[in-house]
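Chemist: Starting from the given sequences, assemble the full structure and let the hints guide the process.
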Amino acid sequence: MLISKQWLSEFVKLPPEVSDADLAKTVTLSTVEVEKTINQAAAMEHMVVGLVVAVLPHPNADRLHVCQVDVGGRVTQIVCGGINVVEGMKVAVALPGSRVRWHGEGELVELAKTKIRGEESEGMICAGAEIGIEKSDEGEHEIMDLSALDVTAGTPLAEALGRDDVVFDIEHKSLTNRPDLMGHYGMAREIAALYRAPLKAYAPSQFDPKKNTLKGFGSSSGPGVSVLVDEPELCPRYVAVLVEGITVGPSPAWVRNRLLSCGVRSINNVVDITNFVMLELGQPMHAFDADVVGEKIIVRRAKKREKIACLDDATYELGTDDLVVTDGKKPIAIAGVMGGKESGVTDATTRIVFESANFNPVSVRKTSVRLALRSESSARFEKSLDPNQCDLAMRRAVELVRRLCPEARVVFPVAEVYSRAFPTVKIEMGPEDIRRNLGADIPEEEMKDILRRLGFDILDIRKTSRWTVIVPTWRATKDVTIKEDVIEEVARIWGYDRIPSALPVFSIAPPPEDVARDLARRLRHALAIGHGATEAYRYAFVAPETLTALGFDPAEHLRLANPLAADRPYLVRSLLPNLLEAVAENHRAFESVSLFEIDRVFLGDAKGDEDGQGGTLPAQPYHAAIAYSIAGDERPFVALRGMVEAILFREGFGVSFGPATHPAHCMHSGRSADILVDGKKCGMLAELTPEASMALGIDRRVAVAELNVSDLASRPRATASFAPIPQFPDAKRDLAFVVSDRVAYADIESAIRGASPLLASVELFDVYRGKGVEEGKKSIAVHITLRSTGKTLSSDEVEAALVDARSILFKRLGAVPRA
Amino acid sequence: MKDQFEQLKDDVIAAATKIADRDALERLRVEFLGRKGKLAELMKGMATLAGEERKLIGAVANEVKSAVEAAFVEAEKKAERGERYERGETERVDVTEPAIGSRPRGHLHPVTQVREDLEDLFTSMGFIVADGPELESDYFNFTALNIPPTHPARDMQDTFYVEGAHGSNGEVVMRTHTSSQQIRAMRAYGTPLRTVTPGRCFRNEATDVRHEHTFHQLDGMVVDKGISFAHMKGVLGIVAKHLYGPETKIRLRPKFYPFVEPGVNGEVTCYLCKGEGCRLCKKSGWLEVFGAGMIHPNVLREGGVDPGVYSGFAFGFGLTRLVMLKYGIDDIRHLEGGDLRFLNQF
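Chains A and B are the protein sequences, given in the same order. If you read the first sequence in the numbering used here, its first letter stands for residue 2, the second for the next number, and so on. If you read the second sequence in the numbering used here, its first letter stands for residue 668, the second for the next number, and so on.
Simulated from the structure, these hints should not be mistaken for lab results. Only a predicted model underlies this, so the values are computations on that prediction, with no experimental measurement involved. Every residue, glycine too, gets a C-beta built ideally from N, C-alpha and C. There could be a bad hint or two in this list.
[Unchecked claim] Derived pair list, reagent style EDC-like, types lysine to aspartate or glutamate, alpha-carbon separation capped at 20 Å:
id, chain 1, residue 1, chain 2, residue 2
1, B, LYS732, B, ASP670
2, A, LYS26, B, GLU943
3, A, LYS367, B, GLU838
4, B, LYS949, A, GLU296
5, A, LYS174, B, GLU934
6, A, LYS37, B, GLU943
7, B, LYS950, A, ASP170
8, A, LYS484, B, ASP973
9, A, LYS608, B, GLU830
10, B, LYS892, A, GLU433
11, A, LYS37, B, GLU955
12, A, LYS608, B, ASP798
13, B, LYS908, A, ASP498
14, B, LYS949, A, GLU172
15, A, LYS26, B, GLU934
16, B, LYS950, A, GLU172
17, A, LYS331, A, GLU296
18, B, LYS950, A, GLU34
19, B, LYS950, A, GLU36
20, B, LYS949, A, GLU433
21, A, LYS608, B, ASP973
22, A, LYS174, B, ASP825
23, B, LYS949, A, ASP23
[Unchecked claim] Short, incomplete list of chain A residues facing chain B, as computed with Cβ under 7 Å:
id, residue
24, GLU489
25, SER502
26, TYR540
27, GLY616
[Claimed, not checked] Computed footprint of chain B on chain A; a stretch qualifies when at least three of its residues, placed anywhere within it, have a C-beta under 8 Å from a C-beta of chain B:
id, region
28, 358-368
29, 415-427
Modeler: Listed below in structure tokens is the structure:
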């Protein structure tokens, strides 16, 4: 929200030593964030009003003129391309050193004295767009004509145009709880409290009930306007006034400039008055054309499917939750949100009804959210406004009509329905509450002074050190309701920097462990540091194309109700699809792609944590996914299996691999495994089918693995236990044999282990298929270790064990010794 | 005979000093000093000498022997030095040459690194590192945090709603902040409580250089009897110093969050310019990195904590923002992007 310093200055007199930067900082540190301070005049530095005293054609350019311009006390030569430049015209002159936007486009450029086609030119005669004036009425290739301004040559342009204000841009969200600051008077009141500066009372002329008139202002008595409110809860107060004899036309410059400083476009005098009052007091107002709406206003709930065309040229269908202002027959405004098109003020309007009302914040918000229709008005009402300001705003509006439209007349009586006055908010508390909460020893008198400056009343409760704090009406609508709210008021004005720092004292009880989180952390480190994999973070959302490319059914996934971009509407059930997208993006630039992610997945068909309302949320276990691909490696499965085995083994899991029980469609049926821990599945490992790789745009083999980390965390783990160091030397031998390719190594190993009680270990060291080995067979070689705890083994004993092993291998598995 | 001994001594020493090869030296040693060596032979001749003379020559022989042995020790040392030098030359490796075929280095995501650093800091102060669902009930994400459905503060956080979460008795959202864990933590652990919750959050907004619908926060809270705003300043001051060095200060200014009262926005001294004002801090000297406040009594009540007895503070750091500041990352989209050219830098 934009706040004009000139406007503020009408209400609060700041000490002269307070700079704009000081003000912005103080407001930011104690109240709301000032995002930017815009010095309008700074943008027009070195720009003045010039009087064109002579215009001659440029000797070397058809479209240019050589002008002699009085820039205040001296005449200078400027080359100008404006087609409308004539002698005697007042123009905007940018002198050397000023910064302009050439032809209204591109970056700002600093002007210097120069020659244009051989003619000296000291500066530039400008069009509005070149000096940042957006709404300037000159045509194409024309310059701004300032002849109508009553200023002399040399007047600084900012001053001449009324653009010498300083504007503070207040961060919008920081006003969420401070609707009282959404107008200049409220901001002035706050600043007066911050600086202990005098604040002018906001006291527009009273309506005089006896004379039925406003002092010094034409009026007439008549039936006036009547108001009926059907829904007092949704409209606690409604004030309306009929004004006749209006001439709709442009507003004077001082009104236009005020609005412009606040970023509001000037429409016409009547609409500008409503906006002016809103910006000044924070109270939204509306003006209806009385010849359209008549003299009877009824505020009621909309009927089902009732429609209204609004000022934004859109038509809205309403329901019974929406509040409307009607003329007794049809809606003329969506209450607090936007006025109707038909009842709006036009150039032909001569009679108007001003509305200054208070609407229920929740109702306004619901309607505005449902219709996706936000306005300056709804933004204020939904934050809870003080109903006391309705009549202040109305009086101010009428006062402005008197200035802008002196011939208009107010028709009395003023119509008002004030059915729900807000109760006074009283909070019982004491200075100790504040000291304890803040941990700061603030003197009681300081606290009281701060609160009083902010408009709070403090009544000491007799014979106690407690107070009754009475909250000012403009803060009592919602923001300040409990003692903590009052504590904040004291703290922010006292200064957060003056509150000391202290450390809390706690018992040394150790925090409980989170096994899944710890495991996830250890796996991350093992993968990245031990196994050269790189951790990626991927979205929780996945695209349907990626799912279908992998043969997953999007319908099995949870879905965003309002996806930002329709391209990723589904919540992941597996981390692989998005990780594989990353492989696709990286694999051309990197020979080796080894990526992993540990994150949650979202399972709509399994129950997770409780939702706080008696139900459960979808399960969201942590998964770990790894994708591994190296150019030229046609069996990446093998290396990835090694990686998975190593990281799980390191954590003490009894890991093994078995043929996949239900390989996904996208997985290579001959290279798919279940990852087993203590024989129970906890994940999968496979290579993608070439078709699936291709569908994702990956043109080489990729192996993937995915583990359920939350499940793993609940599995038992082995811890190391000591066995005595063998006293007698091991006997080490190799066994080599040829066996059918379909025989699983796991079976071979268990056969060898069962052959002799002396067998201490079996270790595979070679597998060979191809030349020299019969088709469909493989040659296997293992190191075996034999050990006795009681003696040194003799060579006969060792031989006997080897014979047994060979014989079992042959009998059970058809393995024959390698030739 | 004495001359013979002297001659032998001179011959051996002259020969030994010339030899650089340890094998040749050993052969020379055997030739002169061995059991059948030249010295031994000469000494045999001593047997023929008479008493006085024999004594005299014996002394000479001993002197020659020790001089020769010393010469050999010296020569051996020299030879060893020479050999080491030669081996150093012939077996030289290029120490700057990288190991071919060694496994490439893996990388932890920068957010992981910063998050773990903060987790370790907080656990060292006795905080629980809590964890909770990312797909969260509207109740825990908003309502229980004093943000009823009609509250304008909901505008502060554009929310992703999720369809099809049938087990839940209300709306289900992608959590918009890690503060959604606050009520869960109070209910699970009770008081006194110190906890932080790092994690992923989601907001329904268009992505660009500075905005990302998926980002990371670290939320924390402390609840006990007598916890004050001053304690909040103390703890957050420690975090700021940990992150940006011992000279770092914090600055608090009012900010509205429905779940705290008073609520503040927290800035730390800009680490780049030390508060002088620079491009990074937009000339302010301060960097905005956290929000905080005293926990609202309504929130304590929702967590099953009596606000008449207990008080507490809560805070939230933008982890994503900390990471971007720490590494000077200029485009937030890199973080969830999976590009190895980015990830390999950390």
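Chemist: Hints broken by the structure, by number, lowest first?
Modeler: 4, 20, 21 and 29
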